[in-house]
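Use the sequences and the hints to build the structure in full.
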Amino acid sequence: MAKIIKFESKQKVFDISGVKVGGQPGEYPTVLIGSIFYDGHKIVSDANKGEFDRVKAEGLIKMQEELSDKTGNPFILDVVGSTVEALQKYVEFISETTEAPFLVDAPSATVRILTMKYAVEVGLNARAIYNSIDNTIKQEEIKAIKELGVKTAVLLAYNPRNLWPEGRLEILKGYTNQIGLLEAAKKACVKNLLVDTVVLDIPSIGLAVRSIYLVKQELGLPAGCGPANATTTWKKGKKEYAPYGFPVCNASACTSAQIMGANFVLYGPIVQAEAVFPACAMTDALIAYNSRRYGIGPKVKNHPLFKIS
Amino acid sequence: MEKTTRELRRTVLSYDVEGAMLAAKKAVEVGVDPLKAIEEGLAQGIKEVGNKFGKGEIFLPELVMAAEAMKKALEVLEPELKRKKKERKTLGRVLLGTVAGDIHSIGKTIVAAMLTANGFEVYDLGEDVPTEKFVEKVRELKPDLLGLSALLTTTLPAQGVVIETLKREGLRKTLKVIIGGAPASKEWAEKIGADGYGANAVEAVQVSKKLLGTSK
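Which chain is which? The protein sequence lines are W and F, in order. The opening position of the first sequence corresponds to residue 1 in my numbering, with each subsequent residue numbered one higher. The opening position of the second sequence corresponds to residue 310 in my numbering, with each subsequent residue numbered one higher.
I should point out that these hints are in silico values taken from the structure, not numbers from a laboratory. Certain hints may be false.
Claimed, not checked - Partial selection, computed: residues in chain F whose CB lies under 10 Å from chain W: (1) Pro370; (2) Glu371; (3) Lys381; (4) Gly410; (5) Thr418; (6) Leu434; (7) Glu436; (8) Thr440; (9) Thr462; (10) Pro492.
As the list claims (entries may be wrong) - Below, a list of computed lysine-lysine pairs in the DSS-like style, where the Cα atoms sit at most 27 Å apart: (11) Lys236(W) - Lys381(F); (12) Lys239(W) - Lys381(F); (13) Lys238(W) - Lys495(F); (14) Lys138(W) - Lys381(F); (15) Lys151(W) - Lys299(W).
For glycine and all other residues, C-beta sits at the position ideal for the given N, C-alpha and C.
As structure tokens, then:
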């Protein structure tokens, strides 16, 4: 058994408005990404118009900030909206409330593009992350991303024709009649790329974390996944194992990704920060401590290893 | 069973999308009856996959890939079916799609595959389908059942809009409508005047059978 995970290819590290993402396991803390204003988030009163409880939203963000300070794990906000009006309002609010980077996350390309346009116009380009470039991307979207000068994007490695880990690499590289996500990003002139290896259901978290290993080993890009895609819809975990089933299982799913080298995890509803930050910080610490014996130490003073005592 | 038909079943059972497409092309090339290729090959394969999924032996990745394999093979075999003027003996014609503003496809694609496996003739309109397109296709294809998928609370109302529009256009009388998607529910189905709701692909098939069984 390997003493530690050390990837053979050179590992890229991107600085997204002060948050470093990437590297060998043990070098940089895992970036924890919590979702806010997602579909069904109770603080949202009108998801079309983007009306929400500002006090509660601010409280959630501050709670995440405090946990980040306490543990040493940087954070990014996953800002979710399904209309341009709503997503722009959310982005405006986020920019006033925190200095953290954020994902511009919408299911529709039009909503993503128009909100990114707004973010660029108000000077938030360095903090705004386009989520995401996927297998359905069209030339118009590539062109729009390029024209906006998007700096950072998530590549969603979903490949319906092959959902095994090798298939995630395949969609990144492309195949006959299917543009690879790497090529799409290159055409769109996006420099900072974060690979999301896609979680569909609970068992598939295993495939996603294995894919993180493959992506980092072969491409050296920062990689991670969103276990919460599965844990949040896992009825048994929520009902039969309540009240601890969901938060504990969600946090442990996040740590399983870290063990395979994840540089970031999308941990689900921001309120889960309370369970996820301590679990992921502890895991970062034990990975870094072991790695240090083999010459790969933390590259930041604020690493969870130095905050664990 | 003919060799190519066996191969079609095998490719679906082994989640081999590329292989399914090649086997379908081969079937056309060697002149296999497209009806047999679909019913004894693809549909048989997806039915077995569905059963395994129902028993908890396989999971979403396998189901999605099997559905994708079937979809790609059907893209080759269905035009051949039309060309040869053959018609599938089906339980009914189903039109499916994810409503406007919503690009989620996984659940809908699985439902399409499971309905096909269970003997329905399925037309999948894809994702982000405008209401007008649903109306146009209902008029053109005259389906027995329309399935509307929505995965977001913000796109859920579009299911109601489609139903209302169909009513206004006089297309709702003989057409049954089922809905599905994470934020949908039985109560929501009743509220918007849908005939049924399926919480998952297995339920969608059951509800569809029930609705068409009583309506035909």
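A quick look at each hint next to the structure:
| no. | hint | result |
| --- | --- | --- |
| 1 | Pro370 | holds (4 Å) |
| 2 | Glu371 | holds (8 Å) |
| 3 | Lys381 | holds (8 Å) |
| 4 | Gly410 | holds (6 Å) |
| 5 | Thr418 | holds (8 Å) |
| 6 | Leu434 | violated (15 Å) |
| 7 | Glu436 | holds (8 Å) |
| 8 | Thr440 | violated (16 Å) |
| 9 | Thr462 | holds (5 Å) |
| 10 | Pro492 | holds (7 Å) |
| 11 | Lys236(W) - Lys381(F) | violated (34 Å) |
| 12 | Lys239(W) - Lys381(F) | violated (38 Å) |
| 13 | Lys238(W) - Lys495(F) | holds (21 Å) |
| 14 | Lys138(W) - Lys381(F) | holds (20 Å) |
| 15 | Lys151(W) - Lys299(W) | holds (24 Å) |
Hint violations for this structure: numbers 6, 8, 11, 12, all remaining hints satisfied.
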